[in-house]
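> Quick note: to get our numbering, add 179 to the position in the sequence shown (first position is 1).
Straight-line C-alpha distance at most 25 Å; calculated BS3-like pairs for lysine-lysine: (1) Lys355 to Lys182; (2) Lys300 to Lys243; (3) Lys243 to Lys267; (4) Lys256 to Lys243; (5) Lys248 to Lys216.
Hint data in this document are derived by calculation from the structure and do not stem from the laboratory. No experiment lies behind these values; they were computed from the predicted model shown.
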Amino acid sequence: MNKKVKSTIIWIFAFIFTVAIAVYQRMTGPTYPVRGKVELAGEKLSYRLVRSSESGEPADVVLKEAAEKATATIRFKRLNTNDAWTEKNFTIRNEDLVVELPSQPPAGKLEYFVSVTHGGKTIELTEEPVVIRFKGAVPDFILFPHILLMFLAMLFSTRTGIEALIKGEKTYSYTKITLVLFFLGGMILGPIVQKYAFDAFWTGWPFGQDLTDNKTLFAFIAWVIAYVRLRKNKSNRGWAIAASVILLLVYLIPHSMFGSELDYGTGEIGTSD
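Use the sequences and the hints to build the structure in full.
What follows is the structure, encoded as C-alpha coordinates:
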(Lines of atoms letter the chains of each structure in order from A and count residues from 1; the text may use other names and numbers.)
(Lines give C-alpha, C1' and ligand atoms only; values in the text may rest on other atoms or scores of the structure.)
Protein backbone atom coordinates (compact mmCIF):
# COMPACT_ATOMS: atom_id res chain seq x y z
CA MET A 1 0.00 0.00 0.00
CA ASN A 2 1.53 3.33 -1.05
CA LYS A 3 1.68 6.33 1.29
CA LYS A 4 -1.08 8.29 -0.43
CA VAL A 5 -3.64 5.49 -0.18
CA LYS A 6 -2.62 4.76 3.41
CA SER A 7 -2.97 8.43 4.36
CA THR A 8 -6.39 8.65 2.69
CA ILE A 9 -7.64 5.62 4.61
CA ILE A 10 -6.38 7.08 7.89
CA TRP A 11 -8.06 10.42 7.18
CA ILE A 12 -11.36 8.70 6.39
CA PHE A 13 -11.14 6.74 9.64
CA ALA A 14 -10.27 9.89 11.59
CA PHE A 15 -13.23 11.73 10.07
CA ILE A 16 -15.74 8.97 10.83
CA PHE A 17 -14.33 8.61 14.34
CA THR A 18 -14.60 12.35 14.96
CA VAL A 19 -18.19 12.48 13.72
CA ALA A 20 -19.08 9.59 16.05
CA ILE A 21 -17.49 11.35 19.04
CA ALA A 22 -19.23 14.64 18.21
CA VAL A 23 -22.62 12.92 17.97
CA TYR A 24 -22.02 11.04 21.23
CA GLN A 25 -21.03 14.22 23.05
CA ARG A 26 -24.09 16.05 21.78
CA MET A 27 -26.57 13.28 22.54
CA THR A 28 -25.32 12.66 26.08
CA GLY A 29 -25.30 16.31 27.13
CA PRO A 30 -27.77 17.81 29.63
CA THR A 31 -29.30 20.08 26.97
CA TYR A 32 -30.16 17.26 24.55
CA PRO A 33 -33.95 16.66 24.40
CA VAL A 34 -35.42 13.85 26.50
CA ARG A 35 -36.93 11.32 24.12
CA GLY A 36 -39.13 8.30 24.66
CA LYS A 37 -42.31 6.42 23.89
CA VAL A 38 -45.29 5.49 26.04
CA GLU A 39 -48.44 3.47 25.47
CA LEU A 40 -51.59 4.83 27.04
CA ALA A 41 -54.93 3.00 26.77
CA GLY A 42 -53.81 1.42 23.51
CA GLU A 43 -52.42 4.62 22.00
CA LYS A 44 -48.68 4.88 21.33
CA LEU A 45 -47.18 8.31 21.94
CA SER A 46 -43.64 9.47 21.15
CA TYR A 47 -42.25 12.50 22.90
CA ARG A 48 -39.28 14.83 22.70
CA LEU A 49 -38.99 17.20 25.66
CA VAL A 50 -36.87 20.29 25.11
CA ARG A 51 -33.99 21.07 27.50
CA SER A 52 -32.52 24.20 25.94
CA SER A 53 -34.05 27.43 24.62
CA GLU A 54 -33.16 31.04 23.88
CA SER A 55 -33.92 33.79 26.38
CA GLY A 56 -36.34 36.50 25.36
CA GLU A 57 -39.05 34.24 24.02
CA PRO A 58 -41.18 31.40 25.43
CA ALA A 59 -39.98 27.84 25.02
CA ASP A 60 -42.39 25.54 23.20
CA VAL A 61 -42.85 22.05 24.62
CA VAL A 62 -44.37 20.02 21.80
CA LEU A 63 -45.93 16.56 21.68
CA LYS A 64 -45.85 15.74 17.98
CA GLU A 65 -48.98 14.35 16.33
CA ALA A 66 -50.63 13.85 19.72
CA ALA A 67 -53.69 16.07 19.31
CA GLU A 68 -56.01 13.16 18.49
CA LYS A 69 -54.36 10.72 20.89
CA ALA A 70 -54.41 12.45 24.28
CA THR A 71 -54.67 15.61 26.32
CA ALA A 72 -51.71 16.89 28.31
CA THR A 73 -50.70 19.22 31.13
CA ILE A 74 -47.38 20.59 32.30
CA ARG A 75 -46.20 21.48 35.82
CA PHE A 76 -43.17 23.74 36.13
CA LYS A 77 -41.22 26.01 38.44
CA ARG A 78 -37.85 27.72 38.60
CA LEU A 79 -35.07 25.28 39.45
CA ASN A 80 -33.68 25.26 43.00
CA THR A 81 -36.34 27.63 44.34
CA ASN A 82 -39.27 27.31 46.73
CA ASP A 83 -41.67 28.52 44.05
CA ALA A 84 -45.08 26.86 43.89
CA TRP A 85 -45.61 24.61 40.88
CA THR A 86 -47.51 26.22 38.01
CA GLU A 87 -49.80 24.03 35.91
CA LYS A 88 -50.87 24.70 32.32
CA ASN A 89 -52.83 22.73 29.75
CA PHE A 90 -51.42 21.93 26.33
CA THR A 91 -53.34 23.38 23.40
CA ILE A 92 -53.82 22.00 19.91
CA ARG A 93 -51.67 23.37 17.09
CA ASN A 94 -52.39 21.52 13.86
CA GLU A 95 -51.78 17.87 14.82
CA ASP A 96 -49.58 18.66 17.81
CA LEU A 97 -50.10 19.43 21.47
CA VAL A 98 -48.16 22.55 22.47
CA VAL A 99 -47.55 24.53 25.64
CA GLU A 100 -45.28 27.51 26.30
CA LEU A 101 -42.82 27.80 29.17
CA PRO A 102 -42.04 31.39 30.21
CA SER A 103 -38.68 32.77 29.13
CA GLN A 104 -35.92 33.01 31.72
CA PRO A 105 -32.76 35.15 31.91
CA PRO A 106 -29.58 33.63 30.44
CA ALA A 107 -28.50 30.57 32.48
CA GLY A 108 -31.92 30.51 34.17
CA LYS A 109 -33.50 27.08 34.44
CA LEU A 110 -36.98 25.63 34.84
CA GLU A 111 -37.88 22.11 35.88
CA TYR A 112 -41.05 20.52 34.57
CA PHE A 113 -43.20 17.41 34.39
CA VAL A 114 -45.53 16.52 31.52
CA SER A 115 -48.64 14.40 32.12
CA VAL A 116 -50.74 12.89 29.35
CA THR A 117 -54.30 11.59 29.63
CA HIS A 118 -56.22 9.22 27.38
CA GLY A 119 -59.13 6.90 27.98
CA GLY A 120 -59.43 7.99 31.58
CA LYS A 121 -55.81 7.08 32.35
CA THR A 122 -53.10 9.64 33.18
CA ILE A 123 -49.34 9.10 33.34
CA GLU A 124 -46.28 11.33 33.71
CA LEU A 125 -43.80 10.96 30.87
CA THR A 126 -40.73 11.10 33.12
CA GLU A 127 -40.02 9.98 36.67
CA GLU A 128 -37.67 12.90 37.28
CA PRO A 129 -38.34 16.52 36.29
CA VAL A 130 -36.97 17.67 32.96
CA VAL A 131 -34.66 20.68 33.31
CA ILE A 132 -34.54 23.31 30.59
CA ARG A 133 -31.81 25.96 30.49
CA PHE A 134 -32.19 29.30 28.75
CA LYS A 135 -29.36 31.09 26.99
CA GLY A 136 -28.74 34.25 25.04
CA ALA A 137 -28.75 34.14 21.25
CA VAL A 138 -25.32 33.52 19.71
CA PRO A 139 -24.84 35.03 16.23
CA ASP A 140 -24.31 32.45 13.50
CA PHE A 141 -21.10 34.16 12.37
CA ILE A 142 -19.65 33.35 15.81
CA LEU A 143 -21.31 30.01 16.54
CA PHE A 144 -20.71 28.24 13.23
CA PRO A 145 -16.95 28.99 13.07
CA HIS A 146 -16.66 27.88 16.72
CA ILE A 147 -18.35 24.56 15.98
CA LEU A 148 -16.34 24.04 12.79
CA LEU A 149 -13.00 24.82 14.43
CA MET A 150 -13.71 22.55 17.40
CA PHE A 151 -14.66 19.74 15.02
CA LEU A 152 -11.51 20.26 12.97
CA ALA A 153 -9.42 20.37 16.15
CA MET A 154 -10.76 16.96 17.16
CA LEU A 155 -10.23 15.65 13.62
CA PHE A 156 -6.60 16.77 13.51
CA SER A 157 -6.06 15.61 17.09
CA THR A 158 -7.18 12.11 16.09
CA ARG A 159 -5.06 12.21 12.94
CA THR A 160 -2.05 13.46 14.92
CA GLY A 161 -2.40 10.66 17.47
CA ILE A 162 -2.50 8.05 14.71
CA GLU A 163 0.45 9.69 12.94
CA ALA A 164 2.44 9.52 16.16
CA LEU A 165 1.51 5.88 16.74
CA ILE A 166 2.75 4.84 13.30
CA LYS A 167 5.83 7.08 13.75
CA GLY A 168 4.85 9.23 10.79
CA GLU A 169 6.92 12.18 9.64
CA LYS A 170 4.03 14.66 9.91
CA THR A 171 3.44 14.34 13.66
CA TYR A 172 4.94 17.75 14.43
CA SER A 173 3.14 19.60 11.63
CA TYR A 174 -0.20 18.03 12.56
CA THR A 175 0.43 18.97 16.19
CA LYS A 176 0.88 22.62 15.20
CA ILE A 177 -2.33 22.58 13.18
CA THR A 178 -4.26 20.95 16.04
CA LEU A 179 -2.96 23.52 18.51
CA VAL A 180 -3.91 26.47 16.28
CA LEU A 181 -7.39 25.09 15.58
CA PHE A 182 -8.04 24.37 19.25
CA PHE A 183 -6.72 27.78 20.29
CA LEU A 184 -8.98 29.61 17.83
CA GLY A 185 -12.06 27.46 18.42
CA GLY A 186 -11.78 26.81 22.14
CA MET A 187 -9.76 29.63 23.67
CA ILE A 188 -10.87 32.53 21.42
CA LEU A 189 -14.32 31.80 20.02
CA GLY A 190 -15.36 29.62 22.97
CA PRO A 191 -15.37 32.50 25.49
CA ILE A 192 -17.10 34.76 22.95
CA VAL A 193 -19.87 32.18 22.55
CA GLN A 194 -20.10 31.96 26.34
CA LYS A 195 -20.38 35.75 26.61
CA TYR A 196 -23.29 35.87 24.18
CA ALA A 197 -25.01 32.87 25.75
CA PHE A 198 -24.48 33.55 29.47
CA ASP A 199 -22.95 37.04 29.70
CA ALA A 200 -19.58 35.77 30.93
CA PHE A 201 -16.43 35.16 28.91
CA TRP A 202 -14.94 32.59 31.27
CA THR A 203 -16.43 30.75 34.25
CA GLY A 204 -13.77 28.08 34.63
CA TRP A 205 -10.57 28.09 36.68
CA PRO A 206 -9.50 30.35 38.37
CA PHE A 207 -12.82 32.25 38.37
CA GLY A 208 -15.25 29.34 38.65
CA GLN A 209 -15.85 25.64 38.20
CA ASP A 210 -17.49 25.48 34.79
CA LEU A 211 -16.58 22.03 33.46
CA THR A 212 -16.65 23.01 29.79
CA ASP A 213 -14.18 25.83 30.37
CA ASN A 214 -11.95 23.74 32.63
CA LYS A 215 -11.75 20.76 30.30
CA THR A 216 -11.02 23.09 27.37
CA LEU A 217 -8.18 24.70 29.30
CA PHE A 218 -6.78 21.32 30.37
CA ALA A 219 -6.78 19.97 26.82
CA PHE A 220 -5.23 23.16 25.45
CA ILE A 221 -2.38 22.97 27.97
CA ALA A 222 -1.81 19.34 26.97
CA TRP A 223 -1.43 20.35 23.32
CA VAL A 224 0.86 23.26 24.19
CA ILE A 225 3.12 20.84 26.06
CA ALA A 226 3.05 18.37 23.17
CA TYR A 227 3.97 21.15 20.73
CA VAL A 228 6.86 22.37 22.89
CA ARG A 229 8.24 18.86 23.40
CA LEU A 230 8.02 18.01 19.70
CA ARG A 231 9.59 21.30 18.72
CA LYS A 232 12.61 20.41 20.83
CA ASN A 233 12.78 16.85 19.57
CA LYS A 234 10.65 15.49 16.72
CA SER A 235 10.94 11.99 18.18
CA ASN A 236 8.91 12.96 21.26
CA ARG A 237 5.80 11.49 19.68
CA GLY A 238 4.49 10.15 22.98
CA TRP A 239 3.49 13.67 23.97
CA ALA A 240 1.28 13.97 20.89
CA ILE A 241 -0.32 10.63 21.67
CA ALA A 242 -0.98 11.74 25.25
CA ALA A 243 -2.49 15.05 24.11
CA SER A 244 -4.67 13.25 21.58
CA VAL A 245 -5.96 10.85 24.24
CA ILE A 246 -6.62 13.74 26.64
CA LEU A 247 -8.65 15.62 24.04
CA LEU A 248 -10.58 12.44 23.26
CA LEU A 249 -11.41 12.02 26.95
CA VAL A 250 -12.47 15.67 27.08
CA TYR A 251 -14.83 15.17 24.14
CA LEU A 252 -16.29 12.07 25.79
CA ILE A 253 -17.50 14.28 28.65
CA PRO A 254 -21.06 15.35 27.74
CA HIS A 255 -21.22 18.92 26.46
CA SER A 256 -22.55 21.56 28.90
CA MET A 257 -22.35 19.23 31.91
CA PHE A 258 -21.88 21.25 35.13
CA GLY A 259 -22.38 24.39 33.06
CA SER A 260 -23.61 27.89 33.83
CA GLU A 261 -26.64 28.26 36.10
CA LEU A 262 -28.43 31.34 37.38
CA ASP A 263 -28.89 31.59 41.14
CA TYR A 264 -32.36 33.11 41.44
CA GLY A 265 -31.67 34.12 45.03
CA THR A 266 -28.57 36.22 44.33
CA GLY A 267 -29.06 36.97 40.64
CA GLU A 268 -25.52 35.72 39.96
CA ILE A 269 -24.48 33.11 37.42
CA GLY A 270 -22.57 30.19 38.89
CA THR A 271 -22.04 26.53 38.04
CA SER A 272 -24.65 23.79 38.22
CA ASP A 273 -24.22 20.78 40.49
